[in-house]
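Protein sequences, first through last, are from chains A and B.
First residue of the first sequence? That's 1 in the numbering used here, and the numbers climb one at a time after it.
First residue of the second sequence? That's 1 in the numbering used here, and the numbers climb one at a time after it.
FYI, nobody ran anything at the bench for these hints, they're computed from the structure.
Cβ atoms here follow ideal geometry from the backbone N, Cα and C, with glycine treated the same way.
Worth double-checking, as some hints may not be accurate.
Far from chain A by the CB rule (all over 12 Å, computed), these chain B residues [as the list claims (entries may be wrong)]:
#: 1; residue: L11
#: 2; residue: D31
#: 3; residue: Q38
#: 4; residue: L46
#: 5; residue: I94
#: 6; residue: K112
Derived Cβ-Cβ restraints for the label pairs, each shown as a range [as the list claims (entries may be wrong)]:
#: 7; chain 1: B; residue 1: N27; chain 2: A; residue 2: T5; range: 41 to 47 Å
#: 8; chain 1: A; residue 1: D40; chain 2: B; residue 2: A29; range: 22 to 28 Å
#: 9; chain 1: B; residue 1: A29; chain 2: A; residue 2: N59; range: 30 to 36 Å
#: 10; chain 1: B; residue 1: H76; chain 2: A; residue 2: E101; range: 42 to 48 Å
#: 11; chain 1: B; residue 1: G17; chain 2: A; residue 2: T5; range: 34 to 40 Å
#: 12; chain 1: A; residue 1: E101; chain 2: B; residue 2: N67; range: 19 to 25 Å
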Amino acid sequence: DSGVTQTPKHLITATGQRVTLRCSPRSGDLSVYWYQQSLDQGLQFLIQYYNGEERAKGNILERFSAQQFPDLHSELNLSSLELGDSALYFCASSVSGRDNEQFFGPGTRLTVL
Amino acid sequence: QQQVKQSPQSLIVQKGGISIINCAYENTAFDYFPWYQQFPGKGPALLIAIRPDVSEKKEGRFTISFNKSAKQFSLHIMDSQPGDSATYFCAASITQYGNKLVFGAGTILRVKS
């Protein structure tokens with residue numbers, strides 16, 4: 001158990017809908033990262049937040065957005081969902097000063113029908 | 001330039017044997033090279049990592065060998081056990097650019113008992 005929690009574990013929704021994925025980092029970790037894992041694209045970095053501020057952005061679609069709240073939990077919002085958005089979404093966190101060492105949560109499996 | 005190429009795609013090793021997974025990169029700005037282990041239904045777990053100023057790092061049965069001039073690094077699993085059967089990902093990141101991890105495509109390891 002990495003100490004990173006993610007909810008929900010599974011999410012099934014329809015095309016065009018909007019969903020919110022939630023992540024709580026390890027206690028004391030200020031950085032939160034979001035990754036997408038799919039069969040065709042593998043593990044891809046989406047976005048990073050550090051202490052509430054966006055720090056780095058990857059190939060994140062405009063339909064996707066994220067934020068980190070004052071209590072350091074983070075949410076990833078996915079809107080206008082398409083079939084191709086079906087994937088595993090992982091959150092990772094790291095402690096300040098050792099940001100290379102990222103610890104991953106159990107993931108949220110999103111299925112878009 | 002941001003790619004990390006991983007091979008083989010899958011690997012079958014006898015119990016007690018040595019498992020070897022290789023990765024290659026192009027971007028010489030990468031300065032951190034971790035390996036992650038992922039079991040079905042779980043998030044990736046940090047296994048071992050190395051920086052380019054070191055040619056080898058060993059932790060228990062796991063060893064990373066790093067060849068800076070060839071821009072290659074590999075994971076060796078000594079005395080492979082059935083419990084090591086999992087998917088292994090190499091990755092690379094640049095500390096200066098927020099530590100986003102660039103992952104290889106993964107290697108499915110099966111250790112036969």
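Checked hints:
no. : hint                          : result
1   : L11                           : holds, 17 Å
2   : D31                           : violated, 8 Å
3   : Q38                           : violated, 9 Å
4   : L46                           : violated, 6 Å
5   : I94                           : violated, 10 Å
6   : K112                          : holds, 25 Å
7   : B:N27 with A:T5: 41 to 47 Å   : violated, 33 Å
8   : A:D40 with B:A29: 22 to 28 Å  : holds, 27 Å
9   : B:A29 with A:N59: 30 to 36 Å  : violated, 18 Å
10  : B:H76 with A:E101: 42 to 48 Å : violated, 21 Å
11  : B:G17 with A:T5: 34 to 40 Å   : holds, 37 Å
12  : A:E101 with B:N67: 19 to 25 Å : holds, 23 Å
Violated hints, listed in ascending order, are 2, 3, 4, 5, 7, 9, 10; each of the other numbered hints is respected by the structure.
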